[in-house]
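Go by the hints and put chain B onto chain A.
Order-wise, the sequence lines are chains A and B. So the first sequence is numbered by this note's numbering: it starts at -7 and just counts up by one. So the second sequence is numbered by this note's numbering: it starts at 39 and just counts up by one.
By construction, these hints were calculated from the structure, which means they are not laboratory data. Treat the hints loosely; a few may be bogus.
Unchecked claim - Calculated cross-link-like contacts (lysine-lysine; reagent style DSSO-like; alpha-carbon spacing at most 30 Å):
{"id": "1", "chain 1": "B", "residue 1": "K170", "chain 2": "A", "residue 2": "K249"}
{"id": "2", "chain 1": "A", "residue 1": "K201", "chain 2": "B", "residue 2": "K350"}
{"id": "3", "chain 1": "A", "residue 1": "K66", "chain 2": "B", "residue 2": "K500"}
{"id": "4", "chain 1": "B", "residue 1": "K500", "chain 2": "B", "residue 2": "K458"}
Read off the chains here:
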Amino acid sequence: MNILVCFKVVPDLDLMPGGDWNVDSRLRVETGYVKNIINPYDESALEIALQFADKADDDQCSPGLTALTIGDSKANLHLKTLRALSFDRAVRIDSKEDLRFRPETCAALISAYINKIGKNNVVIMGRQSGVGDNAQTPLICAEMMGWPCITQVSSIEPAAGACLRVTNLVDDGTCRQTIEPPCILAIGNAPNSYLRVPTLKDIKAHGQKPVEVIDAAVLMATGGQPALPGGCELLGIEAIDRRRSGIIIEGETAAEKTQALYYSYLKGWLAGI
Amino acid sequence: MSLDKETIVEKMTALLGKDNVVTDEQVLKESSVDRFRRFEELHGVFTQPIPAAVVYVHSTEEVKAVLNFARENNINIVPRTGHSATEGGLETAVENSIVVDGSGMNKIISIDPYNMLATCQCGASLQELEDKLREDGYTTGHSPQSKPLAQMGGLVATRSIGQFSTLYGGIEDMVVGLEAVFPNGKVTRIKNVPRRAAGPDIRHVIIGNEGALCYITEVTVKIFKFTPENNVLLGYTLDNMKTGFEILREIMVNGYRPSVARLYDPADGSLHFSHFAAGKCVLILMAEGPKPLADATGKAMEEIVSKYGGCKKVEPKYIQVWFDNLNWDVGKVAEEREEIMATKNIGNTTEVAGTWDIINDIYEVCVERISSEIPDITLIGGHSSHSYLNGTNMYFVYYYNVVNCRPEEEIAKYHLPIKKIIVEETIRAGGSMCHHHGVGKHRTHWIEDEYGSSYYILETLKEAFDPQGIMNRGTILPGR
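Okay, chain B solo, but in the shape it has when bound:
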């Protein structure tokens, strides 16, 4: 039997102090959702169970104490750092949950340029870490669109990825070691070594757990030499996505590693490139690293693109100016909110991945079905932004006018039917339904289809590490 709200608040106050336990009604309401429900939030409508408190932790010991309390009293915990999640992962699915906010654990603990490591607490801002590293000529190589907002714990918990991933990899390729607290109160540290072959790589139990298995308290990531002066930026317009996918494939299978490899369709491109590429696809490539390598990669990519008819080179300045304005800071978020309220037009995204042989089909069938089946659509398009030896991702972008429905009906009328088309078509084709936003709470319906027979492993992890189901209920796996 779970405790009532007053008792939870009282116990949390005793554990963490009054200043670290927030019970303001508006804060609690806003902490019951993430960006997935921002249309409801903007209208002041909150449909999710309201948490008992948002608590601010400042040490691993405090996290441990909170988790012990939650386990003993069967209280749902929602781990949070930057609050920039997009897939409902931060929604409080259970009444009187405790939102455990680690943004106060924001120290950059060490930067070790000899071993190329940076260690941070979970609430360290990626932007601050990156800025600090760049002052000394280093970079994390991680640059998600949420960089100005996101914090290290959340980035690792959601298996995030950045704009330079084709060279540096996703966060899973960057994490060297970790500290996490499990719901039984066990504090675990995975040491920092260049590689290990001592059994399964248990970092991956923690990376991408979305707060459903444990609470990440500390992260060590690789750092890289930062040499922007060597960057070679290339941009092209082309007629269709199929050709673009072929170019990306040829670059990747021939062993080139651009940091940026992005392919926009005309609809998504119209949001960014209408001043030089109206009605066209846009291909963006960037080579970086030591000058000889960057130059050679750039030259080779130019040669590959030149073999494909219809590709027209664009002056790099067009791409650079766009790239410099790509990330979302608080100003852009505020502007978006105002615009949504005025126009009732809202944009969302769903990201999937597939091998080279299926990705164009996934793109085409999803765009066709969404255009014809979903009402009030104002834009459906997408881009590929992260490529691999075996395939690439597709980041679907869609906007719609919210017409003749209440704010709380928006998701059921528009967003989920669109997501359903994308997820089902992707799984049917053999791809993955989640590329880098995480499962959250709104793709759990398809999680068994995503995993197939390996779902056994995922389910067993949950049962083993969180047998009471107190960690972010309803995330990754459907709520019990």
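So that you can see chain A by itself, here it is in the shape it has in the complex:
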């Protein structure tokens, strides 16, 4: 099994001061001052792939693991960390384009990489990222590859016959199915999927290995299928007001405060459900 895990490096928007949500003439918000992180859904994808590899190792059929991102050199630190975490390859498709709202271009680049270089038969990636929020890349990629795509995946385990046992959320519950690659798996809310941390020993042994850098234009010119036309045009952008307010419940005792909470708020709220 040859697994490709795709991830995006994004600014940690939780650290953005409220007053800094200013949109410039190119419809961009300056986020360069905050720390970069791996998009949380993609972080889950990376950890789930490692957990899958751990379990497959136990069954003595260890998969090949490649981590791939698209972007500039700010992703290299994360790629080195992934090398230290025993990803066999760490690949960056070098692109300085604004890909926030272009999932079709991301999908075309990923497909080109798979077809021309990676020859992967399983692709795992987060369902969406906070930058762009398109939630389309896995689905478009599946369409380009002609592979099935399972969304809202929360765990992946090895199954007999080089298959995968995939758990995902569906409208009316949880679905557990065994599937045969090739396939694309879009990770949703997955419990216990914070990315593990490499030891200094791991970093010394593996983290210094080079990151493979592939020029996006060259990749597309030599192996890619043309990107689908963009599905949306960005017209405007504005910050969502996430301010919260509260009231302080007065009372002499905990019992009094509980009564006040129930009668002034909870009772009406519960009745409205």
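Just chain B, lined up with the frame of chain A:
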């Protein structure tokens, strides 16, 4: 002979009322530890003796009554306010202890802008006090990372320090007067005066006592004019810590008083600054105060830094955004807990201090030894965050994966061996093993080495004020 749990609860209920005596099993378990044992706590493992009750006091008289009862019945008392301690100071080392929680004594009693004083009860939240002061253009000048959680009594009891300490000082420089209750029931007040030379400065018997001598009930601190509009924030990347220490030294010995003077090594910096300073040290300086002073200090510090090769100026916005997210609120604590459970990767810290001639050696030898001697280390680094005329501190930050051991073995396998290296190397070099977290219960092993011949004074204080040893047994001094 100590009383049984039921009798203790009964007597406490009679003294304080039912609502103020908590015996819920989970609360008692959580009150047997502080952040030092959070890995155990997260796994629901509690290895310390469980207290008989957590009692909530609301007045100095109630504190006095509880302490009298404890003394008469030889019951261990653990004073507590914000519950944000990190060094085991809040662990209940003795079964059927009483945790005396002063968080209900949370009044800001007075703010006196003419004499520049603020007086609070021990459970007053520093964040609330600071917010209230800032509304009127004042500040305490105290900003520890625990500001959203910590309360005044605990901050004074642990000799805490804040991010602006290089200008405003540690809490010991801010406290003007105090009220405390000693285990013999004596309520003592130290009045608020600008200075005194009437014998030893007895404030320091109380400041930093970690609940091992008395219970702090009221605190008066200095306040300062708050003029953030004058702040001059400077940031630099540089190649090594040695150069950074030299810059800090030059700033301090030439008489400049930045409010912030912080120097991060590349490893610790990777947690905060990887987006602009990967692999580099980061130096952060801030001047504040009246505009002419802040401007002059800022300019002078820039000139000093410019003399050192390899220092590259960073746009202040990078530093400001980081600084605005530095403190730990309940949300960050909750997030950390979730992350630790998922990854089994946990971070801890140990802070030490040393004179300029030894601090870089302490830093280098500790990082080298911890990297090579401790298994499963994922990060070892640190920063200097509080500088003085004579030297600076080193705040070691270390993370490790907890591998092949039970939750209750984590401290013995990882945390204490790391602390041992840092403490022993620091004492060997001539530094202090505790800069601002307090001794707690896990550095008592080295307390005699820390004090040397002056240990006599410390031991005599304990014998004089707490002859029965009922105050937070095992804290600062080893348990008897």
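Taking only the CA atoms, is the gap from B/K500 to B/K458 under or equal to 30 Å? Holds - the C-alpha atoms of B/K458 and B/K500 are around 25 Å apart, at most 30 Å.
Taking only the CA atoms, is the gap from A/K201 to B/K350 under or equal to 30 Å? Holds: A/K201 and B/K350 sit about 28 Å apart, inside 30 Å.
Please verify whether A/K66 and B/K500 have alpha carbons no more than 30 Å apart. violated (55 Å)
Are the Cα atoms of B/K170 and A/K249 separated by 30 Å or less? At roughly 25 Å apart (the allowed maximum being 30 Å), A/K249 and B/K170 satisfy the hint.
Against the hints set out earlier in the document, a violation occurs for number 3 only.
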